[in-house]
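These protein sequence lines map, in sequence, to chains A and B.
Mind the numbering: the first sequence is residues 1 to 162 in my numbering, read in order.
Mind the numbering: the second sequence is residues 1 to 162 in my numbering, read in order.
Certain hints may be false.
Chain B stretches covered by chain A per the calculated footprint, using a threshold of three residues with CB under 8 Å from any CB of chain A [said to hold, decoys possible]:
| id | segment |
| --- | --- |
| 1 | 12 to 25 |
| 2 | 30 to 42 |
| 3 | 73 to 86 |
Distance windows between CB atoms, simulated [said to hold, decoys possible]:
| id | chain 1 | residue 1 | chain 2 | residue 2 | range |
| --- | --- | --- | --- | --- | --- |
| 4 | B | 106 | A | 130 | 15 to 25 Å |
| 5 | B | 16 | A | 135 | 13 to 23 Å |
| 6 | A | 44 | B | 110 | 18 to 28 Å |
| 7 | B | 78 | A | 130 | 14 to 24 Å |
| 8 | A | 82 | B | 142 | 29 to 39 Å |
| 9 | A | 88 | B | 73 | 31 to 41 Å |
| 10 | A | 4 | B | 17 | 35 to 45 Å |
| 11 | A | 134 | B | 45 | 31 to 41 Å |
| 12 | A | 32 | B | 109 | 14 to 24 Å |
| 13 | A | 140 | B | 130 | 33 to 43 Å |
Quick caveat, the hints were computed from the structure, so don't treat them as lab data.
Quick caveat: nothing in here was measured; it's all calculated off a predicted structure.
Every residue gets a Cβ at the ideal spot worked out from N, C-alpha and C, and that includes glycine.
There are 2 protein chains.
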Amino acid sequence: MSEDYQKKFHKRLSVEEVEEGNTLSPKFDENGLIPCVTTDSKTNEVLMIGYMNAEALVKTIESGEAFYFSRSRQTVWHKGQTSGLTQKVKEIRIDDDQDSIWLTVDVGGSGASCHVGYKSCFYRSIPSENQINLDLELKWEEKEKVFDPIEVYGDTPNPTKL
Amino acid sequence: MSEDYQKKFHKRLSVEEVEEGNTLSPKFDENGLIPCVTTDSKTNEVLMIGYMNAEALVKTIESGEAFYFSRSRQTVWHKGQTSGLTQKVKEIRIDDDQDSIWLTVDVGGSGASCHVGYKSCFYRSIPSENQINLDLELKWEEKEKVFDPIEVYGDTPNPTKL
Chain A
1 MSEDYQKKFH
11 KRLSVEEVEE
21 GNTLSPKFDE
31 NGLIPCVTTD
41 SKTNEVLMIG
51 YMNAEALVKT
61 IESGEAFYFS
71 RSRQTVWHKG
81 QTSGLTQKVK
91 EIRIDDDQDS
101 IWLTVDVGGS
111 GASCHVGYKS
121 CFYRSIPSEN
131 QINLDLELKW
141 EEKEKVFDPI
151 EVYGDTPNPT
161 KL
Chain B
1 MSEDYQKKFH
11 KRLSVEEVEE
21 GNTLSPKFDE
31 NGLIPCVTTD
41 SKTNEVLMIG
51 YMNAEALVKT
61 IESGEAFYFS
71 RSRQTVWHKG
81 QTSGLTQKVK
91 EIRIDDDQDS
101 IWLTVDVGGS
111 GASCHVGYKS
121 CFYRSIPSEN
131 QINLDLELKW
141 EEKEKVFDPI
151 EVYGDTPNPT
161 KL
């Protein structure tokens, strides 16, 4: 039960303790989730932004491998279970008001973290400092996929939702 | 109106176009927000995770400075307006399913991005690879504040909520 996992964390009793104390008291949102940014320990690149519930956060801390909560599948998910692209945790940080997590990881296998086949999920950039309109085109920052998603995931449903 | 800002983006018509196309069609959540991770262009450090609504994203793209949506104050917020710690945008990326933003920035003034006075909001780490319990203590990764929040913010209400 998620409540049992939540009991591993301190209650949030004062802003001072949350911001300047040593106790771990993460804030989960109305869906029981906390956002997590994951960066590559070697390149410092942002690989992905995911979400954790209390169970995923406890399992990540205890195992040293990244667990997330899949919002499309509504389940805790051991990253790399299907693809072999596990994320070995080098460091876990938490922010000032303890409502965001930052994981630094080493990625297994081909080193990719994106289900589309790129290394980072952030393979496109948005041109800036101009009035934007519908003609604005995203720019590709990664030219080639690192793996073939069909080979790796087969007919597993695509997690991207419209 | 937020709807007018949303009209600057394409509608999400197919998963294929969202993931592998050139059109910008960000997905805002049920509160009209998209999460944004912000990193320092010089150190590659994660400075903060914030949220943008359509207006904040448009203003960030058009101005080249970071705008966020403050959930505690429920308003669009030009980062650094009070503190002088503006974030000059070097690059804006968007992820595979276009529901997360990554900003790379140069920070003005003292270079800090955290309202508590540290450089990064992620100034504490969580020890890992052990069974966690309530005795687990966060570890300080930044030893000293970069600025004095009372001097900079005066009696502005603290954005941290319990």
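Index of numbered hints that the structure contradicts, given in increasing order: 3 and 12
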